[in-house]
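**Q** Here's the letter readout for the chains.
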Amino acid sequence: MTDTGHASTVGEATAPNAPPMVRIRDVHKRFGALEVLKGIDLDVRQGEVVCIIGASGSGKTTLLRCINFLEPYDSGRIYVDGELVGYHERGGRLVPAREKEIARVRAETAMVFQQFNLFPHMTALNNVAFGPIKVRGVAKDAARERARELLARVGLSDKADAYPAQLSGGQQQRVAIARALAMEPKVMLFDEVTSALDPELVGEVLAVMEDLAASHGVTMIVVTHEMMFAREAADRVVFMDGGVIVEAGPPDEVLGAPRSDRLRAFLRRFTTSRGS
Amino acid sequence: MFGLNWDLIWRNREEFLWGLVLGLQMALIGLAIGCVIGLLVAFARTSRHRWLSAPAAAYVEFVRNLPLLLILFFLYFGVPMWANSALPRDVADLLILDGENTVIAGLAIYGGAYLAEIFRAGILSVGRAFVEAGRSLGLSGVQIARYVTLPIMFRTVLPSLGNTFISLFKDTSLAMAIAVPELTFVTRKFVTDTFQFIQAWTVAAVLYIVTAYAIAAVLRFLERRIRWAV
Ligand SMILES: Nc1ncnc2c1ncn2[C@@H]1O[C@H](COP(=O)(O)OP(=O)(O)O)[C@@H](O)[C@H]1O
Ligand SMILES: [Mg+2]
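Heads up: the protein sequence lines correspond to chains A and B, in order. Residue numbers for the first sequence follow our numbering, so the first one is 1 and each next one is one higher. Residue numbers for the second sequence follow our numbering, so the first one is 1 and each next one is one higher.
Worth double-checking, as some hints may not be accurate.
Claimed, not checked - Straight line, CA to CA, 20 Å or less: simulated SDA-like cross-link-like pairs of lysine to any residue:
(1) Lys-140/A - Arg-146/B
(2) Lys-134/A - Tyr-147/B
(3) Lys-100/A - Val-142/B
(4) Lys-140/A - Tyr-147/B
(5) Lys-134/A - Gly-141/B
(6) Lys-100/A - His-49/B
(7) Lys-140/A - Gln-143/B
(8) Lys-134/A - Ala-145/B
(9) Lys-189/B - Ala-205/B
(10) Lys-100/A - Ser-47/B
(11) Lys-134/A - Leu-150/B
(12) Lys-100/A - Glu-132/B
(13) Lys-100/A - Tyr-147/B
(14) Lys-159/A - Gly-203/A
(15) Lys-134/A - Val-142/B
(16) Lys-100/A - Gln-143/B
(17) Lys-100/A - Arg-146/B
(18) Lys-38/A - Ser-56/A
(19) Lys-170/B - Trp-18/B
(20) Lys-100/A - Ala-145/B
(21) Lys-140/A - Ser-157/A
(22) Lys-134/A - Arg-146/B
(23) Lys-159/A - Val-230/B
(24) Lys-100/A - Val-131/B
(25) Lys-134/A - Phe-130/B
(26) Lys-134/A - Val-131/B
(27) Lys-100/A - Tyr-79/A
(28) Lys-186/A - Asp-211/A
(29) Lys-159/A - Arg-227/B
(30) Lys-159/A - Ala-229/B
(31) Lys-100/A - His-88/A
(32) Lys-134/A - Ser-140/B
(33) Lys-159/A - Trp-228/B
(34) Lys-186/A - Glu-132/B
(35) Lys-134/A - Pro-151/B
These aren't lab readings, by the way, just hints derived from the structure by calculation.
Based on the provided sequences and hints, a complete structural model is requested.
**A** Rendered as structure tokens:
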């Protein structure tokens, strides 16, 4: 359903020449001697859905964590809606921002984790309402009201009072998506959110994400191994390997007509190992 | 029973019971203050900053290697002597405690060191995952400690907390050394007055055991009422 002409035909996504919601410039990151990100450049427009694919260990998680600043990057720049993430720039150098400023930028980039990471001591409803109450200062009643709407949106109206331990993995992940949505973030980051799920639970989570992607109200960066999802929901697919972006483009091109040997090898391994 | 005369002890039952209540009361207040000390020390010990973690570690190591009785003597006899000679009157008065408050302070200091270790293990056991979830929502470090780490930690340490409470409760018997009329002191006084060793110490033992069991039962009940799991 999507192709290159899409941004101009969908009302909510911004025009291609508007400043990007996420701007990543020459980002490097190393863990000790291991350089994990070797100069990443990527722009993501408002409302755009970008899927990142790549073999395990290629740096996908690290890139998401740098955007959310759970991991500080060593050099380069990451801007979210024009604001430099985690640092100030002084005379061309990066100076760490204060904790408060980092927290404020983090609130704009909601992360959905592979292992859900719901707060175990809060009901589904409170998990969703908590961030808006404590971080955004929303009144409790209003936040709970909104949380109910969001739980309904992910199909969990009847689970508002359940604790995470009482929910299936798929349900927990849908609560986690609602929790991220509740922050009304400028960008949502998804890190292999279906990888920890039993196969029969993957569909319900992907359905929620497809619905989100189709609305184009929220900018999404999705690390995934679900090629069907990438093909159908993404505006752009990015292939990472060894800490660099090897190919990026519309799903049809990247997945249908890979140019590099590395991507061809990855896709081949993928289709044979998944048998689809 | 056992061919022994239990009348005398029955007539003095109120003294025994008040002794028990006093012990429980001191243990409970000591535990409460000890929890506050333990929490502060535990967070300090897990801090990245050495100026916080080093003194916290020193406190734990120092106190844990002292007998409680010695701490009580130090607070009851040593501190007043030093305070009277070295400090202005009004400050010294604050530091000179009566017997009961000495025991409470001693239990708080002593229990605090043990609780600090329990809480520290609890804090470390709270998965990085929950902390990161809080961070990525934009919560501050203090908010994460208060709303995420603390409640999850308390859930995991609840059984150890119960054990510590029972230990502190039994340790209140040391208060007899500074003449606080808790159960052990009352019992010994009764024995000295009446020579009814067996009756008195049996009653004291039964009261300690029943109370400790009751504490454990209440805690298990509380634990079961918590519907969430980590
Ligand atoms: N905290 C860390 N410390 C050291 N090495 C790490 C850390 N996190 C990730 N790595 C390493 O960085 C590389 C990239 O990891 P990651 O970003 O998780 O890749 P992906 O998500 O694509 O599988 C891997 O080799 C991994 O072992
Ligand atoms: Mg990963």
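**Q** Indicate, hint by hint, whether the structure satisfies it.
**A** Each hint, compared with the structure:
1. Lys-140/A - Arg-146/B: Since the Cα atoms of Lys-140/A and Arg-146/B sit roughly 18 Å apart, the hinted pair holds (cutoff 20 Å).
2. Lys-134/A - Tyr-147/B: Roughly 10 Å separates the two Cα atoms, so the pair holds.
3. Lys-100/A - Val-142/B: holds, 11 Å
4. Lys-140/A - Tyr-147/B: holds, 15 Å
5. Lys-134/A - Gly-141/B: holds, 12 Å
6. Lys-100/A - His-49/B: holds, 19 Å
7. Lys-140/A - Gln-143/B: OK: Lys-140/A and Gln-143/B at ~17 Å, within 20 Å.
8. Lys-134/A - Ala-145/B: With a Cα-Cα distance of about 13 Å, the restraint between Lys-134/A and Ala-145/B holds, given a limit of 20 Å.
9. Lys-189/B - Ala-205/B: holds, 15 Å
10. Lys-100/A - Ser-47/B: holds, 19 Å
11. Lys-134/A - Leu-150/B: holds, 16 Å
12. Lys-100/A - Glu-132/B: Distance ~16 Å between Lys-100/A and Glu-132/B Cα, so the pair holds.
13. Lys-100/A - Tyr-147/B: holds, 17 Å
14. Lys-159/A - Gly-203/A: holds, 19 Å
15. Lys-134/A - Val-142/B: holds, 12 Å
16. Lys-100/A - Gln-143/B: Satisfied, since the Cα-Cα distance of roughly 12 Å is no more than 20 Å.
17. Lys-100/A - Arg-146/B: Holds: Lys-100/A and Arg-146/B sit about 17 Å apart, inside 20 Å.
18. Lys-38/A - Ser-56/A: holds, 16 Å
19. Lys-170/B - Trp-18/B: Holds. Lys-170/B to Trp-18/B sits at ~15 Å (cutoff 20 Å).
20. Lys-100/A - Ala-145/B: Cα-Cα ~15 Å, so holds.
21. Lys-140/A - Ser-157/A: holds, 18 Å
22. Lys-134/A - Arg-146/B: Between Lys-134/A and Arg-146/B the Cα gap is close to 12 Å, so the pair holds against 20 Å.
23. Lys-159/A - Val-230/B: holds, 18 Å
24. Lys-100/A - Val-131/B: holds, 16 Å
25. Lys-134/A - Phe-130/B: holds, 16 Å
26. Lys-134/A - Val-131/B: Measuring from Cα to Cα gives roughly 15 Å; hence the hint holds.
27. Lys-100/A - Tyr-79/A: Between Lys-100/A and Tyr-79/A the Cα gap is close to 17 Å, so the pair holds against 20 Å.
28. Lys-186/A - Asp-211/A: holds, 17 Å
29. Lys-159/A - Arg-227/B: holds, 14 Å
30. Lys-159/A - Ala-229/B: Holds - the C-alpha atoms of Ala-229/B and Lys-159/A are around 16 Å apart, at most 20 Å.
31. Lys-100/A - His-88/A: holds, 13 Å
32. Lys-134/A - Ser-140/B: holds, 10 Å
33. Lys-159/A - Trp-228/B: holds, 14 Å
34. Lys-186/A - Glu-132/B: Holds, at roughly 19 Å.
35. Lys-134/A - Pro-151/B: holds, 16 Å
In terms of the numbered hints stated before, the structure departs from none.
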